[in-house]
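There are 2 protein chains.
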Amino acid sequence: MAVLEFWYEFASTYSYPAAMRVEALAATRGVTVAWRPFLLGPLFAEQGWRDSPFNLYPTKGRYMWRDLQRLCDALGLPLKRPDPFPQNSLLAARVALALEGDDRAAFSRAVFHAEFAEGRPIAEPATLAAALAAIGVEPEAALMRAQEAANKDRLKAECARAKALGLPGAPCLVTEDGEVFWGNDRLEQGLDWANGAERGGCR
Amino acid sequence: MAVLEFWYEFASTYSYPAAMRVEALAATRGVTVAWRPFLLGPLFAEQGWRDSPFNLYPTKGRYMWRDLQRLCDALGLPLKRPDPFPQNSLLAARVALALEGDDRAAFSRAVFHAEFAEGRPIAEPATLAAALAAIGVEPEAALMRAQEAANKDRLKAECARAKALGLPGAPCLVTEDGEVFWGNDRLEQGLDWANGAERGGCR
Numbered sequence: 001m002a003v004l005e006f007w008y009e010f011a012s013t014y015s016y017p018a019a020m021r022v023e024a025l026a027a028t029r030g031v032t033v034a035w036r037p038f039l040l041g042p043l044f045a046e047q048g049w050r051d052s053p054f055n056l057y058p059t060k061g062r063y064m065w066r067d068l069q070r071l072c073d074a075l076g077l078p079l080k081r082p083d084p085f086p087q088n089s090l091l092a093a094r095v096a097l098a099l100e101g102d103d104r105a106a107f108s109r110a111v112f113h114a115e116f117a118e119g120r121p122i123a124e125p126a127t128l129a130a131a132l133a134a135i136g137v138e139p140e141a142a143l144m145r146a147q148e149a150a151n152k153d154r155l156k157a158e159c160a161r162a163k164a165l166g167l168p169g170a171p172c173l174v175t176e177d178g179e180v181f182w183g184n185d186r187l188e189q190g191l192d193w194a195n196g197a198e199r200g201g202c203r
Numbered sequence: 204m205a206v207l208e209f210w211y212e213f214a215s216t217y218s219y220p221a222a223m224r225v226e227a228l229a230a231t232r233g234v235t236v237a238w239r240p241f242l243l244g245p246l247f248a249e250q251g252w253r254d255s256p257f258n259l260y261p262t263k264g265r266y267m268w269r270d271l272q273r274l275c276d277a278l279g280l281p282l283k284r285p286d287p288f289p290q291n292s293l294l295a296a297r298v299a300l301a302l303e304g305d306d307r308a309a310f311s312r313a314v315f316h317a318e319f320a321e322g323r324p325i326a327e328p329a330t331l332a333a334a335l336a337a338i339g340v341e342p343e344a345a346l347m348r349a350q351e352a353a354n355k356d357r358l359k360a361e362c363a364r365a366k367a368l369g370l371p372g373a374p375c376l377v378t379e380d381g382e383v384f385w386g387n388d389r390l391e392q393g394l395d396w397a398n399g400a401e402r403g404g405c406r
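So the protein lines, in turn, are chains A and B.
Position 44 (the first sequence) corresponds to 44 in my numbering; numbering is contiguous.
Whatever position you read off the second sequence (first residue = 1), add 203 for my numbering.
The reader is advised that the hints may include incorrect statements.
[What the hints assert, rightly or not] To give an idea of the chain B side of the interface with chain A (calculated C-beta under 10 Å), a few residues:
| hint | residue |
| --- | --- |
| 1 | Ala248 |
| 2 | Gln250 |
| 3 | Leu259 |
| 4 | Gly264 |
| 5 | Trp385 |
Because the hints were derived from the structure by calculation, they are not lab data.
Ideal Cβ placement from N, Cα and C applies to all residues, glycine included.
With these hints in hand, go ahead and build the complete structure from the sequences.
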């Protein structure tokens with residue numbers, strides 16, 4: 001079964017609908033999703049951006065918020081704009097990485113829901129503890145594991161890998177043959193590629 | 204019949220597949236397309252960009268070229284990377300604006316083809332003259348009209364309108380009720396909105 005990497009960032013607006021959609025879309029194509037949380041901050045800093053491009057470039061930001069609202073409306077997803085935006089996503093990413101398999105995916109969806117549907121502060125351990133409890137993971141132990149040196153180093157390695165892959169933002173799908181598909185609006189295309197449909201037909 | 208504005212920039216990579224796709228998609232939805240050429244340069248300059256963001260931010264640029272190749276492959280569109288990129292699109296935009304209706308659309312597609320399928324220099328009057336001749340418009344008169352002061356002012360007004368609409372890039376669709384859809388990958392969504400499908404179902 002083809003494995004597709006789903007690279008996402010908890011502070012990223014378009015990662016929210018993508019995280020909510022990707023598993024159902026993958027199931028219809030017989031593709032397995034590997035959830036890879038990472039941080040955009042280090043990549044953006046290298047471009048000279050010390051804030052979200054959506055804040056640095058207000059025209060893009062205004063467009064994005066309206067676009068995201070339309071997308072969420074069409075998908076039936078609640079949307080509450082995080083304040084401040086972007087949220088600090090470091091701890092959430094560490095906790096997600098300290099979990100494996102279905103737990104990581106379920107926790108990640110719970111965090112996106114808390115952040116973008118409920119407007120809760122995801123930098124707060126209490127918010128993440130509630131998300132862990134909701135998916136049946138003991139919060140205290142998971143938060144401890146998240147802050148261990150080995151896990152912090154693992155997240156740094158994931159960010160280095162994201163850079164090596166040339167990810168231009170989040171979310172991204174990365175196929176086994178190294179193709180990158182950027183954006184919530186490219187999930188279907190990336191999944192079709194992973195499933196071999198496009199490789200057979202269009203190259 | 205709903206009218207949808209198609210805002211495009213001749214130097215813009217994603218405007219190429221969009222220009223080639225938009226009329227067929229609109230026809231299936233009973234939507235009329237109004238072709239609105241404009242220039243991104245003045246909008247980008249206000250963001251502090253003196254070059255294409257795809258050149259200023261190489262990670263984005265590398266991704267875009269690969270993404271565009273995949274898109275063009277899937278659509279059966281030839282792709283030859285313009286050199287230099289971006290091309291100077293001022294004269295092409297003026298000529299397009301000096302034409303009306305079907306002539307403007309046909310000329311615009313011919314220019315995109317010359318630029319992105321054949322790699323020809325669209326700043327050269329000879330390239331534009333060939334595009335005009337190919338669609339049955341007398342080149343010399345059209346190039347003269349393009350350079351008249353009134354037409355130059357009209358293009359400036361179009362750029363001011365693009366800014367007032369908050370267009371974050373090109374291509375964009377703008378609906379009669381003021382919704383903006385940015386990107387070749389949003390043509391279907393914008394056309395559905397213009398056709399009332401999404402307004403009825405999702406707001």
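Open item on the list: I'd like to know which numbered hints this structure contradicts. Please list them from smallest to largest.
Closed with: Violated: hint 1 alone.
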